[in-house]
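J.: Could you put the whole structure together from the sequences, leaning on the hints where they help?
First to last, the sequence lines map onto chains A and B.
According to my numbering, the residues represented by the first sequence are 1206 to 1626, in order.
According to my numbering, the residues represented by the second sequence are 1206 to 1626, in order.
Simulated from the structure, these hints should not be mistaken for lab results.
There may be inaccurate statements among the hints.
Identical copies carry no separate label here, and so any pair may be met within one copy or between two of them.
[Stated by the list, open to error] Straight-line C-alpha distance at most 30 Å; calculated DSS-like pairs for lysine-lysine: (1) Lys1327 x Lys1481; (2) Lys1285 x Lys1229; (3) Lys1272 x Lys1481; (4) Lys1272 x Lys1616; (5) Lys1285 x Lys1481; (6) Lys1229 x Lys1272.
Here is how the chains run, residue by residue.
There are 2 protein chains.
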Amino acid sequence: MTMLPDLTKTTLALLDATDPLASKRDAFFLPDNTLYLDGNSLGAMPRVAALRAHQVLNEQWSRDLIKSWNSHQWIDLPHKVGEKIAPLLGAAPGQVICCDSTSVNLFKILSCAMLMQPGRTKILSQAGNFPTDLYMVQGLASLLGEQYCQLVLVDDSPDNHALEQAITTEIAVLLLTQVDFRSGRLLDIQRLTQRAHEQGVLVIWDLAHSAGALPIELDACHVDFAVGCGYKYLNGGPGAPAFLYAATRHHDRLTQPLTGWMGHNAPFSFATDYQKAPGIAQFLTGTPAIIAMSVLDAALTVFDNIDMQQVRYKSLALSHCFHHLVTMQPCLADLQLITPLQPSARGSQLAYQHPHAYALCQALIQRGVIADFRAPNILRLGFTPLYLRYVDIGTAVTILANIVSSQEYLKPEYAVQQKVT
Amino acid sequence: MTMLPDLTKTTLALLDATDPLASKRDAFFLPDNTLYLDGNSLGAMPRVAALRAHQVLNEQWSRDLIKSWNSHQWIDLPHKVGEKIAPLLGAAPGQVICCDSTSVNLFKILSCAMLMQPGRTKILSQAGNFPTDLYMVQGLASLLGEQYCQLVLVDDSPDNHALEQAITTEIAVLLLTQVDFRSGRLLDIQRLTQRAHEQGVLVIWDLAHSAGALPIELDACHVDFAVGCGYKYLNGGPGAPAFLYAATRHHDRLTQPLTGWMGHNAPFSFATDYQKAPGIAQFLTGTPAIIAMSVLDAALTVFDNIDMQQVRYKSLALSHCFHHLVTMQPCLADLQLITPLQPSARGSQLAYQHPHAYALCQALIQRGVIADFRAPNILRLGFTPLYLRYVDIGTAVTILANIVSSQEYLKPEYAVQQKVT
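T.: So, in C-alpha cells, the structure goes:
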C-alpha cells in the first residue's frame, strides 16, 4: 500500500467520494454523533435486519404459528444461512451450516477431529488464542481424560516461528484463530494448513475475527474444519447464531457428539436410534433459533454483489490511514502499536498498548468514538469497510489526540473498569 | 374432576365467563379464524414479545451498539430469564439459567451427572422418550465409549411399572421427560426421583412438555437436574433459548464440558485457563443469544401473577371437555385415546390414534383448527390455558366431527405427508 502523502480532511473526503463500497453505508442504521470502531466486537445493524425481525414476529410466528416451519421455510434456515456465508469463506456448497454458538460448534468439531486421529492426543493452539477456544479444548479434555486429550500452547509471534516448529506428528489437531482478537495479527491459513497436513495434523480455523472482513479461501487451502461468529463482521446481531464449516471429503467419517434431533437423518420419524444426516446437516443439534437466524439471514444480504477484495482493500486503507494519522500526532507517541503493520499480517483491526488504555477507551466512548478495551492495557479499534468512511477515521484520530493532549482521560470517572464486553 | 352434564355452547360460554384466566388471552396475538391446539409445539406470540423485539433491534442494538451489553443489561439476561422461569419449576433462586438449546443443555447435564457417578455407566430412559434426549445420550456414549456410557431403555406403561423396576444400583442416571411428547402421559416426579435416590441414581427431568403448563416442584422433589424448552408453553418464539436447572447442593462438584467463555469465573479477564464460575453460571457456554432471549424474557411476563394451580385446573378442564365432546360424537368412535384419562397421569395434551391421523390433521388445519400429527398414526392436541377458550373446544370438536362424518379427510390432498414439524 502506498503511503498517502497528506491525509487532510479533503483527501479523506476524496477517498470516500471514490470508494466503491460507499453506498453500502446506507444499508446500516448508524446512530448520530457516533463513530463506531467496534464492529469487530458487535457489527452495526443492517436496516433490513430490523425489517426481517418485524416480519418473523408480526407476520410469521404470530399469524402462521407452527405452519411457518413449512410455509416460511424456517426448517431450511440453517442451510440457507450457511450457503450465504459459504462464499465469504471460499467454500463450495454443502459445507457450511448455521447453528448454535461458536463455542458449541467448536466442541462438535474438536470431538470429531480427535476421533479421526487415533493414537494422537494433543491439540495445539496459541497461548493468546481467544479464551473460549482454549476453554472448549479444556472442557473436552475434562470429559475424555487428560490421557486422551491435552491442550498444548505455544507463544507464537511473527518473529519466532514457534507455531510451525510445534506442528509435529505428535499433534492431532491444530486449532488457530485466523485474526488474533487482541493484536489483530493475521495468520497464513494456506501455509499453516499445509504444514499441518504434512505432519498428518487436522486443522480447525476459528474465523470469528475474519469472516466478512477479508477474503478467505477454505477450499483452496484444503482446510479441514472452521467455525465462526455471526455477530461481528457478519452483522447478525448480539449473540447471533454461529457457523461451522466441514470439508466435504470428511463428511462420511465424522462422528460429532452433540447428536440432537435436527442432525438426524429423518428427524420427524422420531426413531429411537440416532442415525446421522448426510452431509453438513449432521452438525445440527437442537431446534434452530429461528428469530435470531432470520435476522442474520437478512443481515447477510448486505454482502450481495460485494467483492471481498474491495472490502479487504478498504479495510487495510482505513486502518492504514488511522495509524498514519496517529503517527503524525506527537501527543500520541505513547500509543504502542502491537498489530503487525504489513498488510499480509494483519486483519481488520488495530491494537495499541497504552498504560491508560482503559481510561482512553472510556473517554473516547464518552466523545462518541466507540472503541474497545482488552485487558490489561490494549486499546482496540475495528475497521468495518461496509459502514465506515475515511473521514470518520480523521475525526476519530482528532478526538483521540484531543483527549490525550488535554489529559481528559485522567478524569476520575474513566479510571474504574466497569465495562464488561 | 366432575363430569360436566351438558357441554352445550352455552355451558362452554359460561365456563369462559367464570374463567379466572380469561383475560390472559388478550396478552396474545391470535390470528382470525384459527383455533390453535398446538401450543405444546410452538406457543402463540405474546404481544409484548413483538414489542420487545422491536426495542432490542431499533432502540438497543442499532442505537447503543456494543454499549448495550451494560446499558441494557444484556449480560444479565441468562440469569434474569432463568429467575423468571424458576418459580414455574418450583425452584429457589440461583438454580435456573437460560442458554443454548434443550439438547445442548442436556449434554452438559448428562456429562456432569456421569462424572458424579464413578463406577456406574448406565443411563436409564424410556423407549418412547423424545428422541433428542435419547440421541444426546447416544452422542455422549459415542464420545466416551460404550464401556463408560450406555443407554438403557425400558418400555414403560402406566400398568407395568417397568421403569421403577429398572431403577437399580446399576444405574448412574435416570433421564425422563415429565410429559410424554406422543401420549401426553404425565410421570410422577416425586415418586420416581425418590425411587432413584434410594438406589443412588441421579435424576434429570426434561420439562419440555410441562414447564408453563402445570405446577412443578423441583426443589420439593429433590430433583438433581432438569432441562426444558422456551418455545412451547413458555411462548418464547420459534427455537427460543432453553433452560437448565441444577440443584444448588451439587454446584460445587460439577464439571460440565461445554466450558465456553461465558461460564468462566471472570470472562473478561481473558485468562488462558478455564476456571468455572460459581453457581448456575458455570453452565453458560458461548455469547448469549440476546435477541431471542429478550423475546423469551418479554414473553414470560404473561406468567406474572399467575397461579399455576389455576393453569393446571383449566388445562385439565379444557382437555376433559374436548374428550367428553369427542365421546359424545358417534362418528368419532374410531379415535382411540392413548392419553391416560386420570388427571394425575396426564399433561396438557390429548393424543388419539387413528388410521388416518395424518389426513385428519391436515383437514383440521385446512379448516383453521391447528393440531399436530406424530408418526405413525397420532393426532395430537395441545391445550394452552392462557389463550384457549372453552368455546374453542366446542368448535374444534364440531369441526373434527364434521370432517370425519363428511369423509372430507379422504380428499387426495390430505394423503401425502409433507409436514415437517
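J.: Are the hints correct? Go through all of them and say.
T.: Hint check results:
1. Lys1327 x Lys1481: Answer is both: 27 Å inside a copy and 23 Å across each meet the 30 Å cutoff.
2. Lys1285 x Lys1229: within (23 Å within a copy, 37 Å between copies)
3. Lys1272 x Lys1481: within (26 Å within a copy, 41 Å between copies)
4. Lys1272 x Lys1616: between (57 Å within a copy, 20 Å between copies)
5. Lys1285 x Lys1481: within (20 Å within a copy, 36 Å between copies)
6. Lys1229 x Lys1272: Classified as between: cross-chain Cα gap 24 Å, same-chain 35 Å, threshold 30 Å.
No hint from the list above goes unmet by this structure.
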